[in-house]
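Need the complex rebuilt from these two chains, each delivered in its own frame; the hints are there to steer you.
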Amino acid sequence: MAQVSTALEVEVLSKTFPAVAKRSANRVLENIKLAIEPESFVVLTGPSGCGKSTLLNIIAGLDDDFDGEVRFQSLDARRAYIFQSPRLLPWRTIEENILLPLKDDDPRRAKVPAMLERVGLAEAADAYPERVSLGMQRRASLARGFILEPDILLMDEPFVSLDDPTAQDLRKLLIDLYKRRPTTILFVTHDRSEAVMLGTRILRLDGGSATIVQDEVVQLRSQDRSDPGKVRAERARIFADV
Amino acid sequence: MLETLANKRAVWSLGSLIVLLIFWHVAAELLQHRHLPTPVAVFETFLREVRSGDLIYHVWVTLIRVVISFIVAMLIGSAIGLVMGRMETVNRFFDSWLIFFLNLPALVIIVLCYVWFGLNDMAAIIAVAINKIPNVAVTVREGARALSRDLTEMAEIYSFGRTKTLRHVILPQMAPFFAAAARTGLSLIWKIVLVVELFGLSAGVGVRINEAYHLFDVPMILAYAIAFIVVVQLIEMFVLQPIEARVNRWRR
Ligand SMILES: Nc1ncnc2c1ncn2[C@@H]1O[C@H](COP(=O)(O)OP(=O)(O)OP(=O)(O)O)[C@@H](O)[C@H]1O
Ligand SMILES: [Mg+2]
Numbered sequence: 001m002a003q004v005s006t007a008l009e010v011e012v013l014s015k016t017f018p019a020v021a022k023r024s025a026n027r028v029l030e031n032i033k034l035a036i037e038p039e040s041f042v043v044l045t046g047p048s049g050c051g052k053s054t055l056l057n058i059i060a061g062l063d064d065d066f067d068g069e070v071r072f073q074s075l076d077a078r079r080a081y082i083f084q085s086p087r088l089l090p091w092r093t094i095e096e097n098i099l100l101p102l103k104d105d106d107p108r109r110a111k112v113p114a115m116l117e118r119v120g121l122a123e124a125a126d127a128y129p130e131r132v133s134l135g136m137q138r139r140a141s142l143a144r145g146f147i148l149e150p151d152i153l154l155m156d157e158p159f160v161s162l163d164d165p166t167a168q169d170l171r172k173l174l175i176d177l178y179k180r181r182p183t184t185i186l187f188v189t190h191d192r193s194e195a196v197m198l199g200t201r202i203l204r205l206d207g208g209s210a211t212i213v214q215d216e217v218v219q220l221r222s223q224d225r226s227d228p229g230k231v232r233a234e235r236a237r238i239f240a241d242v
Numbered sequence: 243m244l245e246t247l248a249n250k251r252a253v254w255s256l257g258s259l260i261v262l263l264i265f266w267h268v269a270a271e272l273l274q275h276r277h278l279p280t281p282v283a284v285f286e287t288f289l290r291e292v293r294s295g296d297l298i299y300h301v302w303v304t305l306i307r308v309v310i311s312f313i314v315a316m317l318i319g320s321a322i323g324l325v326m327g328r329m330e331t332v333n334r335f336f337d338s339w340l341i342f343f344l345n346l347p348a349l350v351i352i353v354l355c356y357v358w359f360g361l362n363d364m365a366a367i368i369a370v371a372i373n374k375i376p377n378v379a380v381t382v383r384e385g386a387r388a389l390s391r392d393l394t395e396m397a398e399i400y401s402f403g404r405t406k407t408l409r410h411v412i413l414p415q416m417a418p419f420f421a422a423a424a425r426t427g428l429s430l431i432w433k434i435v436l437v438v439e440l441f442g443l444s445a446g447v448g449v450r451i452n453e454a455y456h457l458f459d460v461p462m463i464l465a466y467a468i469a470f471i472v473v474v475q476l477i478e479m480f481v482l483q484p485i486e487a488r489v490n491r492w493r494r
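Residue numbers (our numbering), protein chains in the order written: chain C, 1 to 242; chain G, 243 to 494.
No lab work stands behind these hints, which were simulated from the structure alone.
Some hints could be false.
[Stated by the list, open to error] No farther apart than 25 Å at their CA atoms in a straight line, the calculated lysine to any residue pairs in the SDA-like style are these:
{"hint": "1", "chain 1": "G", "residue 1": "Lys-406", "chain 2": "C", "residue 2": "Thr-93"}
{"hint": "2", "chain 1": "G", "residue 1": "Lys-406", "chain 2": "C", "residue 2": "Pro-113"}
{"hint": "3", "chain 1": "G", "residue 1": "Lys-406", "chain 2": "C", "residue 2": "Lys-22"}
{"hint": "4", "chain 1": "G", "residue 1": "Lys-406", "chain 2": "C", "residue 2": "Asp-241"}
{"hint": "5", "chain 1": "G", "residue 1": "Lys-433", "chain 2": "G", "residue 2": "Thr-331"}
{"hint": "6", "chain 1": "C", "residue 1": "Lys-103", "chain 2": "G", "residue 2": "Ala-469"}
{"hint": "7", "chain 1": "C", "residue 1": "Lys-22", "chain 2": "G", "residue 2": "Thr-331"}
{"hint": "8", "chain 1": "C", "residue 1": "Lys-179", "chain 2": "C", "residue 2": "Thr-93"}
{"hint": "9", "chain 1": "G", "residue 1": "Lys-406", "chain 2": "C", "residue 2": "Asp-76"}
Computed from a predicted structure; not experimentally measured.
Isolated chain G (complex conformation) (with noise of 0.2 Å):
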């Protein structure tokens, strides 16, 4: 039963995937213009950036950075959502200085980064993770004050201890909200790493973007910000969809 639905789940999305390539090429051949190449143009720089292995190197060095910043945010993060979520006098207090950091561009806190750390992955992975955490805080707030009133009693009454009672009661009810945080953490992240990349770094994707956008090289970029979602995609189907399947199972 699960098998047939995500089979039918991978074939609705290849086939719209093919349905927008399809869409792209005729509107590339129609168009003729240099700025808008056709996927086969991209794929062929796509596979030369392969062989010469700058795909991978900078896919990597940048991966690594979102793979650093996003532990660090969800951290921080769940650990300043949960004190706030169960805490009211920590939450009041808080609370506004969440907003203001929820409401911070983004391009400010780049950019104070570097004036303050110089340009150095530190500073960059900083940036990113102060970016994520207000939004992972917020999220985990929720969880933590939706908690269950009748499991935490009923934990008290069987001497769970605190211990027990964090694995057995508190995280479980906390994991969606953990799931939630880390799916929208992923997406925003590597967007602002590319940003961070560009304005202040010497290797990564934003780094090569920066590059192609001097020369116009349209394929170029392409190349790269597919090759990225592909890498988001994978995580997302080996990573993130096994852990929630696994937390999700005793659903009905």
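Chain C with its partners taken away, still in its complex shape (with noise of 0.2 Å):
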């Protein structure tokens, strides 16, 4: 991995998954390069299945069977990745499982408290995952990735199929957490309307092997982008939809 200006580099030449059983083998990415700049909102869209996932994997690191290569600025940039679904240990309470990313002696630690203040699981902190709501297993899956202060973040659908207030709260937990340290994120959503909200550069994959189609910065600035009338013309702009 070689040093790069921009916080990240990304390029795939081709992403396949071998044929298995009745399945022939399935070609999902091609030829995709992209190079992000650093404490950039970078939102990914694009048809169910066409491979938002297998990227972000890939980026993570947890997918190195492709053909291509992914470069970090600096080689011990901090990664956290909030999967589509929780993915919370369910034998370990919810701060516990806030605190076992970090070691020992992390100073970090005792940031925890506050951090469950924050997104309003003080509460629940001693409560198995399995026993509160989904949005709050989001929540803490949220807080286990920032509380790390990653300098990349990836997130996948991560305010998915929670009720509206719910998400819009999540939403302005992570500008509020944006705003305050501001990171590298990648963040995947079919959401048009969140994507515009939150994002200041829209990526949309798309086809058979899917490569980037469109690449757009948003043209919104922060105070505007609770507007919705404002948030309405981007998306129009961006998506020409209504």
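Written out as structure tokens, the structure reads:
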């Protein structure tokens, strides 16, 4: 991995899942070249099954079976990955789940109670994940990622299947944390309004073997992002829909 | 809520036991055969054996053997199961060995161990452990195969490292499989230990039952059998169930 001036450079010439049983080999991604600026909020959209999660797994380093390369600005860049499902350990409490990624002498351990408070989980700190609501599990999963103060934050549809007010609340939390401590974020979503509201740059993946078909800078100032009219207009400009 | 449930379970088992005792008593009274003693006769024999100290001594000797072979079988069987469940090549190679040992009659293993290692405790414990290890390995292997890939990836992303991953991610997922292996293990092992004792040792419940068999002393046989069933039940209630409750406290 070479040093680069951007936060992150991704080059996936091709990614193919091998044939299994009756399914033939599936070439999912093709010719993806992407440079991401530090502290940018990049939103990745595209139809279901086009390969967004696959791309995120490659960037996270969970999948190294592809043709290409991923380069980070600094080799010890801290990474966090908010998975599409919360992926908490059911046999550890909410608080233990958030503490586990931290070493015993990590100073960030002291910040966990404040983080729990911030995501509204102070009361549920000692509860087991399966005994709290899905929204609370998602918030715990967000807290686990945020507490690391990552340099690169990968998020795979983190707010999907939540009711509107909860999703809205969590979006606010994300914006809040991002403002307090700007990070490079890669955020996957199907929700076009969400994409426009959060992102500084939007990438659209599409195609049988998916590649980047659109790469757009979001032209909204941060105070415009809470204005539904301006978000709708920008959404119409980028996605040509209404 | 849990309290009342536990109470209900105790009431049910107590009730069904009493019904069983009544059936036994009625049958014994009707048949009046000296090979079918009444529960009262068995209980009298039991008390006599307790007072003479024989019962406590033999049960204790057998219990030590059960515990040691249980621990040995669980440790070795779990290690084999974990490795086979996680490494496909190892599994392919050793699978036929496992099937071989699973189907080897207990008696053959016992006799061979005595022939090879002599009539001693060591041979007895090895024989019992070899009988149980394949079962533990098969159960634990199922657990190791079913490990969640999602959680393993999570542990990798959040740099848990080896020890943390084992302790917080792998072993908790394996717990139900260890519990299943332990539960069936305990009941299987104490049955085999009695046979092993009968064949080649000079103390233990198996030896005592063998002596009673030569005298056709049925009350004695039943007194020892019941004493051991009670001991195993106590282990179940005061060791296995509390551990299980603790391990499962996170479940909905
Ligand atoms: N482990 C795998 N083995 C084989 N094929 C896979 C595997 N994982 C994903 N695929 C295939 O790769 C394609 C892309 O999957 P991926 O999960 O990346 O899609 P996605 O864009 O994240 O979809 P969604 O929006 O529904 O989450 C799909 O056709 C899927 O069937
Ligand atoms: Mg996906």
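The hints, checked one at a time:
1. G:Lys-406 <-> C:Thr-93: holds, 15 Å
2. G:Lys-406 <-> C:Pro-113: holds, 22 Å
3. G:Lys-406 <-> C:Lys-22: violated, 38 Å
4. G:Lys-406 <-> C:Asp-241: violated, 49 Å
5. G:Lys-433 <-> G:Thr-331: violated, 35 Å
6. C:Lys-103 <-> G:Ala-469: Distance ~50 Å between C:Lys-103 and G:Ala-469 Cα, so the pair is violated.
7. C:Lys-22 <-> G:Thr-331: holds, 24 Å
8. C:Lys-179 <-> C:Thr-93: The hint is violated at about 29 Å.
9. G:Lys-406 <-> C:Asp-76: holds, 21 Å
Violated hints, listed in ascending order, are 3, 4, 5, 6 and 8; each of the other numbered hints is respected by the structure.
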